[in-house]
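Colleague: Now for the letters of each chain:
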Amino acid sequence: MPRVPDALEPRAQAAPARPAGARPPVEDFARRLVAGERFALARAITWVESGDRAGAELMRLVYPHTGRAWVVGLTGAPGTGKSTLLAKLAARFAALGRSVGVVAVDPSSPVTGGALLGDRIRWTPPETGDVFFRSLASRGRLGGLSSAAFDAVRLMDAAGREVVIVETVGAGQGEVDVARLAHTTVVALAPGTGDEVQAAKAGIMEIGDLFVVTKADRPGADECVRDVRLQLGLSPEARGRREGFGRAQGPAGEEPTWFPPVVKVSARTGEGLDRLVRLLAEHRAYLEASGRFGRRAALDDVLRMEDEFRRLAFERARRAAERAGAWAEAVERLGRREIDPATAARLAWSGTEPFPQAGSAAGVEGADGRAEGPK
Amino acid sequence: MDAKAEDAPAMAGEARPIRVVVAKPGLDSHDRGAKVLARALRDAGMEVIYTGLHRTPEEIVRAAVDEDADVVCLSLLSGAHPVLVPKIVRLLREAGLTETVVMLGGTIPDDDVPAMRAAGVAAVFGPGSDLSEIVRAVREHVARARAGAAGA
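Chains as they are written, first to last, in my numbering: chain A, 1 to 375; chain B, 376 to 527.
Careful: at least some of the hints might be erroneous.
As the list claims (entries may be wrong) - Among the chain A residues that face chain B by a calculated CB cut under 8 Å, a handful are:
1. R43
2. T46
3. S50
4. G114
5. G118
6. I121
7. S135
8. F259
9. F293
10. G294
11. R295
12. A297
13. W349
Claimed, not checked - Sample of chain B residues lacking proximity to chain A, with all beta carbon distances greater than 12 Å (derived):
14. H405
15. T426
16. A493
17. A498
What the hints assert, rightly or not - Here's a subset of chain B near chain A, in silico, CB distances under 7 Å, partners left out:
18. R391
19. A413
20. R417
21. D418
22. G420
23. M421
24. V423
25. I424
26. Y425
27. E434
28. V440
29. G471
30. D486
FYI, nobody ran anything at the bench for these hints, they're computed from the structure. Glycine residues also receive a C-beta, built at the ideal position from the N, C-alpha and C atoms.
Next comes chain A alone, as it looks inside the complex (with noise of 0.2 Å):
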């Protein structure tokens, strides 16, 4: 594999020339990432959401940075109780000494694209320990989590962030683009609120590597664990099994297992915070001994390169389409409801084809300004 030059270091890079007097560098922004700055990581998590140019350039430069960070997950119903989980968890993190970064991410108004960022309501910063907090606001991309939650992720890794707390509304596809990003998926349920059957519904007990019963000083909280434990397929005389990290004999000898385990906590009295924080490590030894730490990051990394590539496929046929009067032709057909929208797709696809010769698209490319950066 041909060694990827480290772009930070001052001789690699050739900066693009920027007037006197401009502000900082990308590069310089990149240095004070990785040194740890936090001013230069909050900015950093500005343009990439933004999704500005010196955030796709700050994200090249510091990726070979990432990979580090153990990123957990947390999910689960409005009201649940994940932003006060979240608060206890990022500061007993912080309090073993963990350098530790929090994603919050709420929805966008689909109206007006406003946000309502509150999960620093329940967030008081720790007397000892490092917290980086950020709110980030869903800014109506699909798929629940915004896309820039990724990339903020990432950009926490590069930054020296040992532990990474997402925190997302899990409401249909929330939750899966969650248990995509992160290690170890938690999923918080709270009693009495049905959510037993919601959670069923959803489909959340598939990505759950752990199960938290939230405000387990109110009744109903044992019922909750039970009705969970059910769901898990764990019968309840199967309660004396080892939930958490275990040894089964594979075909190749001893293998590491894991069963998702189900906590009962409660913020208010402190109850079961330390298993929590116990079965969290566990998750992380599992996923060590399997060598599922790495893997899960290598997966995540290519699908967001499907991801990207599947928006520059799209947008070389789009434009391929265009130049060949396809895509007015079949929006126009479309519109008389001449045909339908999927023969009106296959009418602007046939415009795409024979694509441009190599040669010619990436002149194309380059001339309208779109071409990418150096890969």
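Go by the hints and put chain B onto chain A.
Modeller: Then chain B, alone, in the frame of chain A:
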């Protein structure tokens, strides 16, 4: 990501939503005003981070840094503004947030307004202020701050 966002020069960001930290420094527990403001700013299309009650200047500055806020809106009804507000502004600037706009609301006597302005507060809004006027002031100050940052 559309072409417009890609073609935008670094940090021009006119289309970037305004990020506001709404904070309650000090000991008073009355945050109805702060919550109403937060809601109004959200409905105006801004991303509003509310800190909750009883925040120290250090906590507010930390929030503003981590959240990369364009604006910090402080709400005080305790009378502690002559001490807390200048301290918050100073800590913000020391933390590198040189362009962040600071606005103040609550029970601020008229006589104190010049001192607050001198301390670096962009605008002061007392009880009964028109919400749309506050929204407009936030927009204007942020536009100026962003333009200043881009042209610096």
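Colleague: Please go over all the hints and tell whether each is borne out by the structure.
Modeller: Now the hints, each set against the structure:
1. R43: holds (6 Å)
2. T46: holds (4 Å)
3. S50: Interface hint status for A:S50: holds (4 Å vs cutoff 8 Å).
4. G114: holds (4 Å)
5. G118: The hint holds - A:G118 has a Cβ within 8 Å of chain B, the shortest such distance being about 6 Å.
6. I121: Because about 4 Å separates A:I121 from the closest Cβ in chain B, which is inside the 8 Å limit, the hint holds.
7. S135: holds (5 Å)
8. F259: Nearest chain B Cβ about 36 Å off; hint violated.
9. F293: violated (27 Å)
10. G294: The hint is violated - A:G294 has no Cβ within 8 Å of chain B, the shortest such distance being about 29 Å.
11. R295: Since the shortest Cβ distance to chain B is 28 Å, the answer is violated.
12. A297: violated (23 Å)
13. W349: Interface hint status for A:W349: violated (21 Å vs cutoff 8 Å).
14. H405: holds (15 Å)
15. T426: B:T426 not clear of chain A: closest Cβ-Cβ about 5 Å, inside 12 Å.
16. A493: holds (26 Å)
17. A498: The assertion about B:A498 holds, with a minimum of 20 Å to chain A.
18. R391: holds (4 Å)
19. A413: holds (6 Å)
20. R417: OK, holds: B:R417 within 7 Å of chain A, min 4 Å.
21. D418: holds (6 Å)
22. G420: Holds - the Cβ of B:G420 comes within 7 Å of chain A, reaching about 4 Å at its closest.
23. M421: holds (5 Å)
24. V423: holds (5 Å)
25. I424: holds (5 Å)
26. Y425: holds (6 Å)
27. E434: holds (6 Å)
28. V440: With a closest approach of 6 Å, the B:V440 hint holds.
29. G471: holds (4 Å)
30. D486: Not OK, violated: B:D486 not within 7 Å of chain A, min 33 Å.
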